[in-house]
Amino acid sequence: DGGITQSPKYLFRKEGQNVTLSCEQNLNHDAMYWYRQDPGQGLRLIYYSQIVNDFQKGDIAEGYSVSREKKESFPLTVTSAQKNPTAFYLCASRKLIQANTGELFFGEGSRLTVL
Amino acid sequence: QKEVEQNSGPLSVPEGAIASLNCTYSDRVSQSFFWYRQYSGKSPELIMSIYSNGDKEDGRFTAQLNKASQYVSLLIRDSQPSDSATYLCAVIGRASKLTFGTGTRLQVTL
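Protein sequence lines correspond, in order, to chains A and B. Under this note's numbering, the first residue of the first sequence is numbered 1, with each subsequent residue one higher. Under this note's numbering, the first residue of the second sequence is numbered 1, with each subsequent residue one higher.
Mixed in with the good hints there might be a few duds.
[Claimed, not checked] Pulled a few chain B residues facing chain A out of the computed Cβ check, cut under 7 Å:
{"id": "1", "residue": "SER43"}
{"id": "2", "residue": "PRO44"}
{"id": "3", "residue": "LEU46"}
{"id": "4", "residue": "SER49"}
{"id": "5", "residue": "ILE50"}
{"id": "6", "residue": "SER96"}
{"id": "7", "residue": "PHE100"}
{"id": "8", "residue": "GLY101"}
{"id": "9", "residue": "THR102"}
{"id": "10", "residue": "GLY103"}
To be clear, the hints were calculated from the coordinates, so they are not data collected in a lab. Every residue, glycine too, gets a C-beta built ideally from N, C-alpha and C.
If we strip away everything but chain B, and leave its shape as in the complex, we get (with noise of 0.2 Å):
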C-alpha cells in the first residue's frame, strides 16, 4: 500500500465549477497535510495546510480533513483555467518524513 494515494486523472472540469480533488494515507499517526499546485516545469507552491479535522477555507480553496478515515480533499470552486495544473497531497508521518502522492491532473475547460 502506498503511503499517500491520489487519482492520476485528468480531472476535467468546465470553468466555473467546482473541483473535487482527494487523497488517502496510510500512516495513522500523520499530523499535517498540504496542498500543492505544481505547473509543467516548475517546483510546486503551496496552496493549503491542515492539520486538524474539519475543514479550512482560504479564498476559493477548501481543505478537508478526516482523520478517522485517512482522508484529505482540496475544492476548488469556481476553477479557472489557470487552475489548470497537478495538484500534490503531501503527508507529514513519522520522524518527519514528507511523503507525496503522484498528483492529479487537474484541467480546466473554456
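Chain A with its partners taken away, still in its complex shape (with noise of 0.2 Å):
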C-alpha cells in the first residue's frame, strides 16, 4: 500500500540528546515536509524539500536539521539546541502537478517527549 510512514510513534527522550525522526513516502511525490504542532495549536512549518539534496527553512528551523539524500525519505533530527522539544511531528508529502498544485498527505506522526 502507498502511504507514508513515520517512526517512532512515541518517542522518549532526555533533556541534551539529539533525536532523529523518521520520514518515508512511496507515492513517488516530489516534496516532503516537516511540521510541529503543540496542543491545542496549529501546524507550524519546520522544514520542507521540493527535490533531492535541496531544501528551505520554514518558520521554526532553529534546533532542527534534515537530508534529503533519497527522493522517498525526509529524516527530521531534533538537535539538543531546541528548547522546547515535546510535540507533535508530523511529515507530509505531496506530488508538484504544476505550479503550486497537489494536495498534501500527512503520516500518522510522532509524538516527542522530553524528560
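Put the two chains together into one complex; each comes in its own frame, and the hints tell you how they fit.
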C-alpha cells in the first residue's frame, strides 16, 4: 500500500540528547514537509524539500536539521539546541503537479516527549 | 500579520445545521487552498482543495474562494456529531511553502 510512514510513533528523550525522526514515502511525491504541532495549536512548518539534496527552512527551523538524500526519505533531527522539543511532529508529502498544486498527505505523526 | 488566519472557536452548531468556517490569507500570489479535518491526537486528513474563484462542492462540503478578498471558506451542510473536529485551512504560497492556519474547533451538538 502507498503511504507515508513515520517512526517511531512515540519517543522519549532526555534533555541534551539529539533524536532523529524517520519519514518515508512510497507515493513518488516530489515535495516533503515537516510540521510541529503543540497542544491546541495549528501546524508550524519546520523544514521542507522540493527535490533531492535541497531543502528550505520553514518558520521554526532553529534547533532542527534535515536531509534529503533520497526522494523517498526526509528524516528530521531534533537537536539539543531546540529549547522546547516536546510536541507532535507530522511529516507530509505531495506531488508537484504544476505550479503550486498538489494536495498534501500526512503520516500518522511522531509524539516526542522530553523528560 | 499572520500568513493564514482562522478563528480558533469553538464554533458550536446544532446537528443538522450548516457550519461555516472561514480563513483569510495575506500573500496575494497564493494559488492553492486546502481544508483539512483533524481529530484529537490524529494527523490531518484532506477534505477539500480549491484553486479557482467560486464554489466547489463535494457531498456535504462546499469550499468557497475569493482571491480578490483573500478569503476562503468551508461550509458543512447537515452537520453531524462526527464532524466535530478541528478544521485547518492551508495555503500554498511562494516557493511551494505550505502554511496552515491555527485551526477552528467545531462542535456539533445533539
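Checked hints:
Checking B/SER43 against chain A: minimum C-beta separation of about 4 Å stays under 7 Å; hint holds. For B/PRO44, the interface hint holds, since its Cβ comes within 7 Å of a Cβ in chain A; the closest pair sits about 6 Å apart. Hint status for B/LEU46 relative to chain A: holds, with the closest Cβ pair at about 5 Å, below 7 Å. For B/SER49, the interface hint holds, since its Cβ comes within 7 Å of a Cβ in chain A; the closest pair sits about 5 Å apart.
The beta carbon of B/ILE50 comes no nearer than 11 Å to any beta carbon in chain A, farther than 7 Å, and the hint placing it at the interface is violated. This hint holds: B/SER96 has a C-beta 6 Å from the nearest C-beta of chain A, less than the 7 Å allowed. Taken as an interface hint, B/PHE100 checks out: its beta carbon lies about 4 Å from the nearest beta carbon of chain A, inside 7 Å. Interface restraint check for B/GLY101: the shortest CB-CB distance to chain A comes to about 6 Å, inside 7 Å, so the restraint holds.
Interface restraint check for B/THR102: the shortest CB-CB distance to chain A comes to about 4 Å, inside 7 Å, so the restraint holds. Proximity of B/GLY103 to chain A holds as hinted, the smallest CB-CB distance being about 5 Å (cut-off 7 Å).
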